[in-house]
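**Student:** So the chains spell out like this:
2 protein chains.
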Amino acid sequence: MNTQLKCKKAEIQDLHKIIELLADDELGRKRERLEDPLPESYIKAFNAIQGDPNNELILAVLAEEIVGVLQITFTPYLTYQGGWRATIEGVRTNKFLRGKGIGTQMIEWAIHLAKERGAHVVQLTTDKQRPEALEFYKRLGFRASHEGLKLHLG
Amino acid sequence: MNTQLKCKKAEIQDLHKIIELLADDELGRKRERLEDPLPESYIKAFNAIQGDPNNELILAVLAEEIVGVLQITFTPYLTYQGGWRATIEGVRTNKFLRGKGIGTQMIEWAIHLAKERGAHVVQLTTDKQRPEALEFYKRLGFRASHEGLKLHLG
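The listed protein sequences correspond, in order, to chains A and B. In this text, residue positions in the first sequence follow full-length UniProt numbering: the first is 1, and each later residue adds one. In this text, residue positions in the second sequence follow full-length UniProt numbering: the first is 1, and each later residue adds one.
Just so you know, these hints were derived from the structure itself, not from any lab. Hints are not guaranteed to be accurate.
Any copy will do: because identical chains look the same in the list, a pair fits if it lies in one copy or spans two.
25 Å max Cα-Cα, derived DSS-like pairs, lysine-lysine [said to hold, decoys possible]:
#: 1; residue 1: K115; residue 2: K150
#: 2; residue 1: K95; residue 2: K128
#: 3; residue 1: K100; residue 2: K9
#: 4; residue 1: K115; residue 2: K30
#: 5; residue 1: K17; residue 2: K95
#: 6; residue 1: K150; residue 2: K138
#: 7; residue 1: K30; residue 2: K17
#: 8; residue 1: K150; residue 2: K30
Treat the numbers as computed from the prediction; the structure is a model and nothing was measured.
Looking at chain A on its own, in the form it has when it is part of the complex:
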């Protein structure tokens, strides 16, 4: 058994396990629908992500098990002299494996990908209801310099 943590890009056969991770979360359980088969909307979104060269789903794999997921998006902007940014979203790790460095390794991989793509900044927002996540990102060198605002559409 391979007990070394690895990162890999997601494939369609990983989708059910990814939605399990997203649903097995304090905020996620109210938002997601973990059914078999999965609601079509997840498959459509997965295909849209995979078909876009500016979006990647990154998985953490331990002993052949998917134990973490995040999405990274690369966006060209005019600001910062036409700089690209990398945005991280939807970070989740298996809740029984917290504190084992899985999140850290995924974020480090995301930072590596962002550098490869020439992004000048890696950015993310974290819900104020997750104070432990805020501390986690600060330890990794992120600065909470911005307010993150949302407007939910009806």
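With chain A held as given, fit chain B onto it using these hints.
**Tutor:** Okay, now just chain B, sitting in the frame of chain A:
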């Protein structure tokens, strides 16, 4: 003279005026390079934005003058049952025309585009050094539910 404010999508001939707006800003003046001709990096970024169906540059035009700019990005995510999000970035208005509803009209147009694209949320981050911007977005219905974190890459 047409003194009614209009929104339109940016074209390459608008680029110099857009960079003028981005540079004529407390934070922007340290970051941008307003030169004639413009640094190549702006033109490359403009072309990358225009070539991506998930990115739009929106301008506010008053009496044939460009008086505001923002960028909107549409991103597919697995979270929220595979929901799309609209992200607003790089919002600037002519500083001599503050309080005239230009920003409001641009954000309303962005919300309209987000609804057309079926996004479930419109999101943005605003620098904590711009408290007046935070109040502006709150008045438009945005909730500051998240922390916005940045990691600048060397």
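**Student:** With reference to the structure, classify each hint as holding or not holding.
**Tutor:** Now for the hints, and whether the structure bears them out:
In this assembly of identical chains, the alpha carbons of K115 and K150 lie at most 25 Å apart only when taken from different copies (14 Å versus 28 Å within one copy). For the identical chains of this complex, K95 and K128 are intra-copy neighbours only, at 19 Å inside a copy versus 32 Å across copies, given an alpha-carbon limit of 25 Å. With identical chains, the CA atoms of K100 and K9 are at most 25 Å apart within one copy only, with a shortest distance of 21 Å there and 47 Å across copies. Only between protomers do K115 and K30 lie at most 25 Å apart by alpha-carbon distance; the minimum there is 22 Å, versus 35 Å within a single protomer.
In this homomeric assembly, K17 and K95 come within 25 Å of each other (Cα to Cα) only inside a single copy, at 14 Å, whereas the closest approach across copies is 50 Å. With identical chains, the CA atoms of K150 and K138 are at most 25 Å apart both within one copy (22 Å) and between copies (10 Å). Only within a single protomer do K30 and K17 lie at most 25 Å apart by alpha-carbon distance; the minimum there is 18 Å, versus 45 Å between protomers. Only within a single protomer do K150 and K30 lie at most 25 Å apart by alpha-carbon distance; the minimum there is 17 Å, versus 28 Å between protomers.
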